[in-house]
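Each chain is listed here by its residues.
There are 4 protein chains.
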Amino acid sequence: MEHMTQHDALKRLAYIEGHLAGVRKMVEQDQYCVDVLKQTYAIRRAIEKLEAKLLSGHLQGCVVEGIEAGESDRVIDELVELYALANK
Amino acid sequence: MEHMTQHDALKRLAYIEGHLAGVRKMVEQDQYCVDVLKQTYAIRRAIEKLEAKLLSGHLQGCVVEGIEAGESDRVIDELVELYALANK
Amino acid sequence: MEHMTQHDALKRLAYIEGHLAGVRKMVEQDQYCVDVLKQTYAIRRAIEKLEAKLLSGHLQGCVVEGIEAGESDRVIDELVELYALANK
Amino acid sequence: MEHMTQHDALKRLAYIEGHLAGVRKMVEQDQYCVDVLKQTYAIRRAIEKLEAKLLSGHLQGCVVEGIEAGESDRVIDELVELYALANK
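Protein chains in written order, with this note's numbering: chain D, 5 to 92; chain V, 5 to 92; chain A, 5 to 92; chain H, 5 to 92.
Hints should not be assumed to be uniformly reliable.
Cut-off 30 angstroms, straight-line C-alpha distance, at most; resulting in silico cross-link-like pairs (DSS-like, lysine-lysine) [stated by the list, open to error]:
{"id": "1", "chain 1": "D", "residue 1": "K42", "chain 2": "D", "residue 2": "K92"}
{"id": "2", "chain 1": "A", "residue 1": "K53", "chain 2": "A", "residue 2": "K29"}
{"id": "3", "chain 1": "D", "residue 1": "K57", "chain 2": "A", "residue 2": "K92"}
{"id": "4", "chain 1": "D", "residue 1": "K57", "chain 2": "A", "residue 2": "K42"}
{"id": "5", "chain 1": "V", "residue 1": "K42", "chain 2": "V", "residue 2": "K15"}
{"id": "6", "chain 1": "V", "residue 1": "K92", "chain 2": "D", "residue 2": "K92"}
{"id": "7", "chain 1": "A", "residue 1": "K53", "chain 2": "A", "residue 2": "K15"}
{"id": "8", "chain 1": "A", "residue 1": "K92", "chain 2": "H", "residue 2": "K53"}
{"id": "9", "chain 1": "H", "residue 1": "K15", "chain 2": "H", "residue 2": "K92"}
{"id": "10", "chain 1": "A", "residue 1": "K92", "chain 2": "D", "residue 2": "K92"}
{"id": "11", "chain 1": "V", "residue 1": "K53", "chain 2": "H", "residue 2": "K29"}
{"id": "12", "chain 1": "A", "residue 1": "K57", "chain 2": "H", "residue 2": "K57"}
{"id": "13", "chain 1": "V", "residue 1": "K57", "chain 2": "A", "residue 2": "K53"}
{"id": "14", "chain 1": "V", "residue 1": "K29", "chain 2": "V", "residue 2": "K42"}
{"id": "15", "chain 1": "A", "residue 1": "K29", "chain 2": "A", "residue 2": "K42"}
{"id": "16", "chain 1": "D", "residue 1": "K57", "chain 2": "D", "residue 2": "K92"}
{"id": "17", "chain 1": "H", "residue 1": "K42", "chain 2": "A", "residue 2": "K29"}
{"id": "18", "chain 1": "H", "residue 1": "K29", "chain 2": "V", "residue 2": "K42"}
{"id": "19", "chain 1": "H", "residue 1": "K53", "chain 2": "V", "residue 2": "K57"}
{"id": "20", "chain 1": "H", "residue 1": "K57", "chain 2": "H", "residue 2": "K29"}
{"id": "21", "chain 1": "V", "residue 1": "K15", "chain 2": "V", "residue 2": "K57"}
{"id": "22", "chain 1": "D", "residue 1": "K15", "chain 2": "D", "residue 2": "K57"}
{"id": "23", "chain 1": "V", "residue 1": "K57", "chain 2": "H", "residue 2": "K42"}
{"id": "24", "chain 1": "D", "residue 1": "K92", "chain 2": "A", "residue 2": "K29"}
{"id": "25", "chain 1": "D", "residue 1": "K92", "chain 2": "H", "residue 2": "K42"}
{"id": "26", "chain 1": "A", "residue 1": "K15", "chain 2": "A", "residue 2": "K92"}
{"id": "27", "chain 1": "V", "residue 1": "K92", "chain 2": "A", "residue 2": "K92"}
{"id": "28", "chain 1": "H", "residue 1": "K92", "chain 2": "D", "residue 2": "K42"}
{"id": "29", "chain 1": "D", "residue 1": "K57", "chain 2": "H", "residue 2": "K42"}
{"id": "30", "chain 1": "V", "residue 1": "K15", "chain 2": "D", "residue 2": "K29"}
{"id": "31", "chain 1": "H", "residue 1": "K42", "chain 2": "H", "residue 2": "K29"}
{"id": "32", "chain 1": "A", "residue 1": "K53", "chain 2": "H", "residue 2": "K42"}
{"id": "33", "chain 1": "A", "residue 1": "K42", "chain 2": "A", "residue 2": "K53"}
{"id": "34", "chain 1": "D", "residue 1": "K57", "chain 2": "H", "residue 2": "K15"}
{"id": "35", "chain 1": "A", "residue 1": "K57", "chain 2": "D", "residue 2": "K92"}
{"id": "36", "chain 1": "V", "residue 1": "K92", "chain 2": "H", "residue 2": "K53"}
{"id": "37", "chain 1": "H", "residue 1": "K92", "chain 2": "H", "residue 2": "K53"}
{"id": "38", "chain 1": "D", "residue 1": "K29", "chain 2": "D", "residue 2": "K15"}
In short, the hints are calculated from the structure, not lab data.
Chain D with its partners taken away, still in its complex shape (with noise of 0.2 angstroms):
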């Protein structure tokens, strides 16, 4: 991981900690679903932005990286096999 990805990846995930620390005292506090509801589909649109950045920070970085070196069908292995999962 090049070391922007990564200290930008911390931010990220800082933030999606603190914004799910804050739905869990929603759902202690026994607040409303529908607020609940909207805060974690906040979450899962950052979790979303994390995945693209990391995404874009591999093919940039490792894809081309790899495939250079002539390990293409390892490396596109790999990104078909992300992408079965990220659609699962």
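Starting from the structure of chain D, add chains V, A and H where the hints point.
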């Protein structure tokens, strides 16, 4: 929120928080992006399951009660808004 | 289905069918995969919008009527099943 | 597009077009929204499978060839853009 839904949601949230802390550790240790992404996909699916449970509880509880109490406009508007947010 | 919802759905379906025929032509002419995929994503979003409209009509119509007629169990079970199918 | 991918894509498109025509008939006959929605979900899943096949063919073909030909910037930018569009 019903007691069962609340209890189940708190258990799921604890699991998700633990999983997320594991992902943060992976990123801190600079592990392979593909492995990190597989974990974030699993977390996203766990959040989707939590959302399904919360929504199901909401439908069986507040939605039925709200419509029976003559507040169908508010209740249905909320559901339409939730659906739009969930798929944004 | 309400008349307005039905009319709107048929218009959307005609648009989607036309779009899909365009994609088939692109594939027959062996156009660049990336361009084909951009079109299938647009079609998928058009279907999602159609679904949102159908669901909204269903919530405002059959769901409210069903619950008011004392059939909340059936109506809510259907919604929970739909939600699970939509996110499968 | 490889011949196999193209042949497979055309078969899938024909299936999706037939399915969509069936949904239009259901809407014209004013069938129950819930049943219509179940069919549109199935169509959406069929489109997602088509996309997975197209993307897989693209990764194994054009992406590897592009990177080996020194065009990794263009190829990777396209993938990042596709990913963003797919999840919009």
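Verify the proposed pairing of K92/V with K53/H, using a straight-line Cα cut of 30 angstroms. OK: K92/V and K53/H at ~21 angstroms, within 30 angstroms.
Q. Given the proposed pairing of K15/H with K92/H, does the C-alpha separation stay at or below 30 angstroms?
A. 27 angstroms, holds
query: Do the alpha carbons of K42/H and K29/H lie within 30 angstroms of each other, as the hint requires?
result: Distance ~14 angstroms between K42/H and K29/H Cα, so the pair holds.
Pair hint outcome, K57/V versus K53/A [Cα-Cα no greater than 30 angstroms]: 24 angstroms, holds
Does the alpha-carbon distance linking K15/A and K92/A stay inside the 30 angstroms limit? Satisfied, since the Cα-Cα distance of roughly 27 angstroms is no more than 30 angstroms.
field: 30 angstroms limit on alpha-carbon distance, applied to hinted pair K15/V and K57/V
entry: Given pair K15/V, K57/V holds - Cα atoms ~12 angstroms apart, limit 30 angstroms.
Notebook entry, point to check: If you draw a straight line from the CA of K92/V to the CA of K92/D, is it 30 angstroms or shorter?
Noted result: 18 angstroms, holds
Query raised in the report: Are K53/A and K42/H close enough, with their CA atoms no more than 30 angstroms apart?
Result: Satisfied, since the Cα-Cα distance of roughly 15 angstroms is no more than 30 angstroms.
*If you draw a straight line from the CA of K92/V to the CA of K92/A, is it 30 angstroms or shorter?*
17 angstroms, holds
Exercise for the section: Mind checking the alpha carbons of K57/D and K42/H for me, to see if they're no more than 30 angstroms apart? Expected result: 33 angstroms, violated
Measure nothing beyond the straight line between the CA atoms of K29/H and K42/V; if it is 30 angstroms or shorter, mark the hint as holding. At roughly 41 angstroms apart (the allowed maximum being 30 angstroms), K42/V and K29/H break the hint.
Is K53/H close enough to K57/V, meaning Cα to Cα at most 30 angstroms? 27 angstroms, holds
The structure shown violates the earlier hints numbered 11, 18, 29 and 34.
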